[in-house]
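Asks: Each chain, written out:
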Amino acid sequence: MDPLFSQTVVRPPDTLDRIRRALIGSLHVNLSEEDLAYETKLDETVGLDSVAVLEFVAALEQEFGITFAPEMLTIEVVRDLSRLASYIDELLARSDIREP
Amino acid sequence: MRADRKLPESVANSLPTVEPPLVTFNDLLWLLYLYPVRWVAGIMPRSFLYAIGRLADPIVQFYSRGRKAKAVPWIADACRVSPERANSIARGSLSCGLFSLLDDLLFLRPWSKDALRCSGVEGMQHLESAVARGKGVILLAGHFPANRLAGQYLRARGYAVLSLRNRRATNVAEGRLGRRFLRPRWIELQNIAFPDQVDVRDPECSLTILRRMRAGGLAALLLDGRPGTNPVEHLFLGRPQSIPTGIFQIVRLSGCAVVPMLCVGRSDGFRIRFDPMLDVLPAPTRDAFVSSNLPQFVTAIERQVVENPEEWKLWIHFLARRW
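Residue numbers (the numbering used here), protein chains in the order written: chain A, 207 to 306; chain B, 491 to 813.
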């Protein structure tokens, strides 16, 4: 597994891949040099520029076609990969149920 | 990335660290402000507090005479006024900052809302139509101290306004007493007086603003604030300045409306003006969005400053902080 996502999470690989794509695209993470965990990378980037996390959230919303609920727009949710992936899966499942 | 992060550790360690003095004159002024003056403000009428302000004003003017003299040519150029008039504007700007500090103390009173005397609100329809869009509103503002009064006034009328503050602003004139004791106390009091604020250094800052926008709420952001990590150089009042771009990203990513807001005066008589909503131009990328919209954002604030130069407090702070 990519070291960026070295945490033990039981998620559909597709969700993780797509989160990674959003992260790379929005925060311009250089994966070739990476040996940092997801949280560390996000903290490092957001610590320098808090607006960067907005870019990441917007990229996630675009990638998955979802909208975060206001109460989930917190740094705790975004930096916890497992929780973030669960939440996205939950939103996707809800949208599947609604669709005929 | 900040410059100090680029320094190799060996170089950074070899740099001399200058220990500030225990107490500076600046600390003494803050000590007076935070204790005896604050206590007086809690029990005495506003007129008494303003009388203290009038007594303190000559001291503040004398203390800042050097920085004031440096600001005069810029003021004269930007406002197209004579040096004498520019000097008067510099004096007025300092006085305005002083009286706004005294007004801040009034907000520590439990009945502070009653202390607000608004003498007029112009352009309320612009704010109402922006709120009606339902995507939140950025109140674009400059460093006019009375904007805090506008925030309190709007809150009392059902428009909660989130504001952004740099609670850890550096102060080169402070000593160890100021750094370790007075500044934390001041931050604590600011949090009490203005609870609906988010610190610019809080990693949660931009998400807090986004939450407010998605709830259809208001946030007052300063275009002439301290530049963050991705500032752009742009002429501001005739001189190149670093303009923070975070505000543009929030507008781009939230789709919120932008309404320039200006408040001038003191708590015993202030006026609020809302200008028409800015016509935000869409752009596909972060940089393109900034390039497309920066000029109109800057023009809106420059106009406010030139029309009310005595009320803008950064003529002198800009000089001390950035040059």
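The set of hints was computed from the structure by calculation and includes no laboratory data.
These numbers come from a predicted model, not from an experiment.
Certain hints may be false.
[Unchecked claim] Label pairs and their computed distance ranges (CB to CB):
{"hint": "1", "chain 1": "A", "residue 1": "Thr280", "chain 2": "B", "residue 2": "Asn681", "range": "14 to 24 angstroms"}
{"hint": "2", "chain 1": "B", "residue 1": "Ser782", "chain 2": "A", "residue 2": "Gln268", "range": "16 to 26 angstroms"}
{"hint": "3", "chain 1": "A", "residue 1": "His234", "chain 2": "B", "residue 2": "Asp692", "range": "14 to 24 angstroms"}
{"hint": "4", "chain 1": "B", "residue 1": "Pro526", "chain 2": "A", "residue 2": "Glu250", "range": "41 to 51 angstroms"}
{"hint": "5", "chain 1": "B", "residue 1": "Tyr525", "chain 2": "A", "residue 2": "Gln268", "range": "51 to 61 angstroms"}
{"hint": "6", "chain 1": "B", "residue 1": "Ala559", "chain 2": "A", "residue 2": "Gly231", "range": "47 to 57 angstroms"}
{"hint": "7", "chain 1": "A", "residue 1": "Thr273", "chain 2": "B", "residue 2": "Ile677", "range": "41 to 51 angstroms"}
{"hint": "8", "chain 1": "A", "residue 1": "Thr280", "chain 2": "B", "residue 2": "Leu512", "range": "32 to 42 angstroms"}
{"hint": "9", "chain 1": "B", "residue 1": "Gly613", "chain 2": "A", "residue 2": "Pro276", "range": "21 to 31 angstroms"}
{"hint": "10", "chain 1": "B", "residue 1": "Arg599", "chain 2": "A", "residue 2": "Asp220", "range": "49 to 59 angstroms"}
[To be verified] Per the computed footprint, the stretches of chain B lying under chain A, defined by three or more beta-carbons under 8 angstroms from a beta-carbon of chain A, are:
{"hint": "11", "segment": "525–531"}
{"hint": "12", "segment": "577–589"}
{"hint": "13", "segment": "694–707"}
[Claimed, not checked] Below, in silico cross-link-like pairs of lysine to aspartate or glutamate (DMTMM-like), each with a Cα-Cα straight-line distance of 25 angstroms or less:
{"hint": "14", "chain 1": "B", "residue 1": "Lys625", "chain 2": "A", "residue 2": "Glu267"}
{"hint": "15", "chain 1": "B", "residue 1": "Lys803", "chain 2": "B", "residue 2": "Asp758"}
{"hint": "16", "chain 1": "B", "residue 1": "Lys560", "chain 2": "B", "residue 2": "Asp765"}
{"hint": "17", "chain 1": "B", "residue 1": "Lys625", "chain 2": "A", "residue 2": "Asp249"}
{"hint": "18", "chain 1": "B", "residue 1": "Lys625", "chain 2": "A", "residue 2": "Glu245"}
{"hint": "19", "chain 1": "B", "residue 1": "Lys625", "chain 2": "B", "residue 2": "Asp689"}
{"hint": "20", "chain 1": "B", "residue 1": "Lys625", "chain 2": "A", "residue 2": "Asp255"}
{"hint": "21", "chain 1": "B", "residue 1": "Lys625", "chain 2": "B", "residue 2": "Asp547"}
{"hint": "22", "chain 1": "B", "residue 1": "Lys803", "chain 2": "B", "residue 2": "Asp547"}
{"hint": "23", "chain 1": "B", "residue 1": "Lys803", "chain 2": "B", "residue 2": "Glu618"}
Just so it is clear, CB atoms sit at the ideal spot from N, CA and C, and this is done for glycine as well.
Asks: Determine for every hint whether it applies to the structure shown.
Replies: Now for the hints, and whether the structure bears them out:
no.	hint	verdict
1	A:Thr280 <-> B:Asn681: 14 to 24 angstroms	holds, 20 angstroms
2	B:Ser782 <-> A:Gln268: 16 to 26 angstroms	holds, 20 angstroms
3	A:His234 <-> B:Asp692: 14 to 24 angstroms	holds, 23 angstroms
4	B:Pro526 <-> A:Glu250: 41 to 51 angstroms	holds, 45 angstroms
5	B:Tyr525 <-> A:Gln268: 51 to 61 angstroms	holds, 53 angstroms
6	B:Ala559 <-> A:Gly231: 47 to 57 angstroms	holds, 51 angstroms
7	A:Thr273 <-> B:Ile677: 41 to 51 angstroms	violated, 35 angstroms
8	A:Thr280 <-> B:Leu512: 32 to 42 angstroms	holds, 41 angstroms
9	B:Gly613 <-> A:Pro276: 21 to 31 angstroms	holds, 29 angstroms
10	B:Arg599 <-> A:Asp220: 49 to 59 angstroms	holds, 57 angstroms
11	525–531	violated (count 0)
12	577–589	violated (count 0)
13	694–707	holds (count 8)
14	B:Lys625 <-> A:Glu267	holds, 16 angstroms
15	B:Lys803 <-> B:Asp758	holds, 19 angstroms
16	B:Lys560 <-> B:Asp765	violated, 32 angstroms
17	B:Lys625 <-> A:Asp249	violated, 28 angstroms
18	B:Lys625 <-> A:Glu245	violated, 30 angstroms
19	B:Lys625 <-> B:Asp689	holds, 23 angstroms
20	B:Lys625 <-> A:Asp255	holds, 24 angstroms
21	B:Lys625 <-> B:Asp547	violated, 43 angstroms
22	B:Lys803 <-> B:Asp547	holds, 15 angstroms
23	B:Lys803 <-> B:Glu618	violated, 28 angstroms
Violated hints for the displayed structure, listed by number in ascending order: 7, 11, 12, 16, 17, 18, 21 and 23.
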